[in-house]
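Undergrad: Okay, here's what each chain looks like letter by letter:
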Amino acid sequence: MFEQQGCPEWLEAISAYLDGALSVEEEQRVHTHLRACPGCAEQLIDLVPVVQTLRALPPPTPARDPWPDLARALRNDTAFRTGADQAAWTAWSRPALGAAAAVAAVVMGGALTLHGYRSAEPPVPVADLDTYWHQHDAYDQDQGIPTRYAPDLGAIEASYELDD
Amino acid sequence: MSPAPAPVAAGSSPPPVRRERAPETEQSLIQRAQHGDMKAAEVLFRRYHPPIFQLVHRMLRGAAETEDLVQEVFLKAFRAIAGFKGNSSFKTWLYQIATNTCLNYLAKAERRYQHDSLETPVGGEDSDMTLGDRLASTSATPEEAASASEVYQRVEEAVGKLSPDFRSVLVLRDIQDLSYEEVAETLGINLGTVKSRLARARKQVQQLLGDLL
Chain P
199 MFEQQGCPEW LEAISAYLDG ALSVEEEQRV HTHLRACPGC AEQLIDLVPV
249 VQTLRALPPP TPARDPWPDL ARALRNDTAF RTGADQAAWT AWSRPALGAA
299 AAVAAVVMGG ALTLHGYRSA EPPVPVADLD TYWHQHDAYD QDQGIPTRYA
349 PDLGAIEASY ELDD
Chain L
143 MSPAPAPVAA GSSPPPVRRE RAPETEQSLI QRAQHGDMKA AEVLFRRYHP
193 PIFQLVHRML RGAAETEDLV QEVFLKAFRA IAGFKGNSSF KTWLYQIATN
243 TCLNYLAKAE RRYQHDSLET PVGGEDSDMT LGDRLASTSA TPEEAASASE
293 VYQRVEEAVG KLSPDFRSVL VLRDIQDLSY EEVAETLGIN LGTVKSRLAR
343 ARKQVQQLLG DLL
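Quick note, the sequences are listed as chains P and L, same order.
Read in my numbering, the first sequence has 251 at position 53, and its numbers run on one by one without any break.
Read in my numbering, the second sequence has 270 at position 128, and its numbers run on one by one without any break.
Rather than coming from a laboratory, the hints here were simulated on the basis of the structure.
Keep in mind that this is a model prediction, so the values were computed, not measured.
Worth double-checking, as some hints may not be accurate.
Claimed, not checked - Now the in silico label distances, taken between C-beta atoms and shown as ranges:
#	chain 1	residue 1	chain 2	residue 2	range
1	L	Asp307	P	Gln250	20 to 30 angstroms
2	L	Ala224	P	Gln203	52 to 62 angstroms
3	L	Thr335	P	Gln226	35 to 45 angstroms
4	L	Gly204	P	Val222	38 to 48 angstroms
5	P	Ser221	L	Thr335	25 to 35 angstroms
6	L	Ser231	P	Val222	42 to 52 angstroms
Where is the CB? At the ideal position from N, CA and C, for every residue including glycine.
This is chain P alone, in the form it adopts within the complex (with noise of 0.2 angstroms):
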């Protein structure tokens, strides 16, 4: 069967067309080129079905979860721990400065009622400070991460607590 042949130089123009990628102007000429030349029509036409079914083409998915094996580089990669490093002194300081503050709002409570005054609130009990600072800073702990392939990204993200 006989088959037009479309311009080369056209071919360009054709598959941005298809893309919706051309300006209008460069449309118009599209359209006048695509009236005057039927292989250029058929050329468009045939490279319709190419693009739709690149498109749908299935994605592969992987034989395992490659994210145990890269976290495990990942800890013992220095370029990626120079910032866990400070991480991990934030970490370390931040329930140290909380216990301290607790205990200086004991001591302060206690010299408050020696004097015979109370606070209008209790001062927060040490235990709950540190069960907060647990919670906080465990997330450089693997822990809890569901180790199976494509977890919920929303629980991570769910369990993943902002600082204050």
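Position chain L against the provided structure of chain P, taking the given hints into account.
TA: Leaving out everything else, chain L in the frame of chain P:
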């Protein structure tokens, strides 16, 4: 008309309102990963692993090294994330690392196994037939390729036969759905080159598929 709200019994308090935490922004996740936060790194990884895996898989034509190369891409990205300044989007930055890693791998592989290009002449010195023509002429008829999975397999094979330069543009634009501008930025080429390579890549895939579609 909406029904009247049920009266609240005296002395009882209304049920507590559960506040849903909004998903953390990508910028915030990046900042945390820049400080070595493993959990932020995992969230970013989970978000971008599927498209990056797909990109590498297509670029390497499903080679056995795909998973190793994907691992390498993310390792490079997280090692360098402290230097990410946000001049481009994180997505584009990650795609740049992925495509460069793939193209470097393919260049090394090409040196090992010199492969034929579609323009390689076949059929003797006097023949104008190229390898692309030969492949298209041996394409299956629509009757032979009845199922969708066969069609997809043939399309994947055709994409795999493109040169790495053409394949990268086609995969990023038509499979990964990046804009022309994003493709240009990712590959470090100008917009005109993107359009030109994309058009020729599509044409070659069409020729390779023959009457399949």
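Undergrad: If a hint holds in the structure, say so; if it doesn't, say that too.
TA: Do the hints match the structure? See the list:
Between L/Asp307 and P/Gln250 the C-beta distance comes to about 23 angstroms, which sits within the given range of 20 to 30 angstroms. Checked against the hint of 52 to 62 angstroms, the C-beta distance between L/Ala224 and P/Gln203 comes to roughly 54 angstroms, which is consistent with it. As the Cβ distance of L/Thr335 to P/Gln226 is approximately 24 angstroms, the hint placing it in 35 to 45 angstroms is violated. For L/Gly204 and P/Val222, the Cβ-Cβ distance of about 41 angstroms falls inside the hinted range of 38 to 48 angstroms, so the restraint holds.
Separation of P/Ser221 from L/Thr335 is about 18 angstroms and departs from the stated range, judged on CB atoms against 25 to 35 angstroms. At roughly 28 angstroms, the beta carbons of L/Ser231 and P/Val222 sit outside the given window of 42 to 52 angstroms.
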